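Participant: Please arrange chain B on chain A, whose structure you already have, making use of the hints.
Here's the letter readout for the chains.
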Amino acid sequence: MTKLTKDKEAPANPTPTQNPSAAEPSPKAAATPLVIPKPGSGVPLDSPKTGSVGPAGPGTGPGGSDLKPSTAPKASQAPRATPDPSLSAKAITRSEPETGNGNGGVPSTEQGDVTPPKLPPATDLSMVAPLPPPVSLPAGGKALPQSKLLGDASFEAAARRASKGSGSVVVAVGDRGYIPMLVN
Amino acid sequence: MNAGACAELDEVALRHAALAGFEDGIGLAPPQDKDSKWAEQTTVRKFRKGGGAAQGQLQRAYECWEYPGGDRMAGGSYGTATFARMVNIKTEVVMATVALGLDSLLVDGDIVFEHDVLGALALRDDRTPHLGASARDSLPQVAIQDDDQGDRNSGFVLVRATPQGLAFLGEALRIPLQSKKPIR
Chain A
1124 MTKLTKDKEA PANPTPTQNP SAAEPSPKAA ATPLVIPKPG SGVPLDSPKT
1174 GSVGPAGPGT GPGGSDLKPS TAPKASQAPR ATPDPSLSAK AITRSEPETG
1224 NGNGGVPSTE QGDVTPPKLP PATDLSMVAP LPPPVSLPAG GKALPQSKLL
1274 GDASFEAAAR RASKGSGSVV VAVGDRGYIP MLVN
Chain B
242 MNAGACAELD EVALRHAALA GFEDGIGLAP PQDKDSKWAE QTTVRKFRKG
292 GGAAQGQLQR AYECWEYPGG DRMAGGSYGT ATFARMVNIK TEVVMATVAL
342 GLDSLLVDGD IVFEHDVLGA LALRDDRTPH LGASARDSLP QVAIQDDDQG
392 DRNSGFVLVR ATPQGLAFLG EALRIPLQSK KPIR
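Residue numbers (my numbering), protein chains in the order written: chain A, 1124 to 1307; chain B, 242 to 425.
Just chain B, same shape as in the assembly:
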């Protein structure tokens, strides 16, 4: 188990949210005591001084799960075996969430959505009230990023929780598994 990776993610997320001046979203509260000697300090330091009251305003915007042995995924550049392994793990993660019955959208960190993607892709019934059940059933079960060169790209992968979607992911993962080298 790659113990501590999620704790590091928490630390980085909070620190960067503070550096960016977020006052909501991830739940950071603005400083309250601008007249105090702490007026020049940062929001983060306010938290430390403010103690429990500010803590209560934090909201966790993500869950984190640590992939066993995931520290071996670090740093593989495009075209390397390490990079390929990380792509395979992406497939594995989506396969597992789809198997749990969840419509799953995998996104890379450099993907920016200009619209409410959950609504646009009808991933949330409450965001697509105009779609009836039959219309929702007719939506594509798999959507994957198509870059400007006509290649598939795992930066954006949507797979709905259907038997066909699960079978697709199983097959996609089976291909590298059947290569001469195992993926792990």
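Isolated chain A (complex conformation):
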């Protein structure tokens, strides 16, 4: 859920917060097999492997957009601690299902080499029902604000594929810029 009412209170110079990459694991980070070092291995739990805490970018006013990306390294760019080579062979990976996956619920302790399958390519637009007629503003109404999305052919194609001729779409907004639209 995303609370709306305090958006207008966005601080001009927000208090430095955790590096976004550290606050929430990025999809890339989440996809990386988790290596759990043995106790006493010398690798701290908050090692740079999972993203370090860095300074926040400069703040702006409400809805500010001149916010520059933080200069803190992303999780994928952060330097990684080098684990003790003698421990690496015993490291446990969590790249396997833990329960209920058809393997008797026995998690594998092998080094992760899971390669997820690829989703099929997007459906040919010629196979998808057309969109309903576009909606116009009421007569005399103010023009819509400028948007990169209005008139973007690739956005329209994605929405058309997702709606599958139903006249509706369920949409979300990811925090790395992906806009998933659930297929009806």
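These are calculated hints, taken from the structure and not from any lab test. Note that the coordinates shown come from a computational prediction; the quantities given were computed from them, not determined experimentally. We put the beta carbon where it would ideally sit given N, CA and C, even for glycine. A portion of the hints provided could be inaccurate.
What the hints assert, rightly or not - Each pair of labels, with its calculated beta carbon distance range:
hint: 1; chain 1: B; residue 1: Ser318; chain 2: A; residue 2: Pro1255; range: 31 to 41 angstroms
hint: 2; chain 1: A; residue 1: Pro1255; chain 2: B; residue 2: Gln390; range: 33 to 43 angstroms
hint: 3; chain 1: A; residue 1: Pro1257; chain 2: B; residue 2: Pro381; range: 19 to 29 angstroms
hint: 4; chain 1: B; residue 1: Gly360; chain 2: A; residue 2: Pro1256; range: 21 to 31 angstroms
Claimed, not checked - According to the in silico footprint, chain B covers these stretches of chain A (three or more CB under 8 angstroms from chain B):
hint: 5; stretch: 1266-1279
hint: 6; stretch: 1294-1301
Stated by the list, open to error - Some residues of chain B that are not near chain A, with every Cβ distance over 12 angstroms (derived):
hint: 7; residue: Glu355
hint: 8; residue: His356
hint: 9; residue: Ser379
hint: 10; residue: Pro381
Facilitator: Here is chain B on its own, set in the frame of chain A:
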């Protein structure tokens, strides 16, 4: 363009579906060769070994569109300018889908529907056969989450594809645009 965000989403979705043991829904197939040396492996690894046959069973459950510059949306915590910017982008995305003529339901990832929301909100004619056209026309054109403190919340926003709904979204987006700082 934030190239690669959707590819990362695909990877994470597939990996988590496999870890959760999904065998349908997103289209992952159960392992077939339980007697083989792969019996202890995961569904995902079966895919890799199984090759094309399993690939054919995958179904894409979502479309993904990458918001230009969307990587700057990452990690903003509540009350920050980055957070406010992401909320504005939500409005922009819904405005664009409504302009395309689609009844649009925006949901956050932490929203769980206990019923068929598309039917309950009459977003799909085929799921609300009991409603005639006139009854459907009388439904609210905008529905937004009301949290327990009486505040509006963008975790759940429904806007029907009507001129009034589009005008509402345009006005909602115009407010932050007219603030001293641009949203992007």
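Participant: Let me make sure I understand: some of the numbered hints might not hold for this structure. Which ones are they, in numerical order?
Facilitator: none
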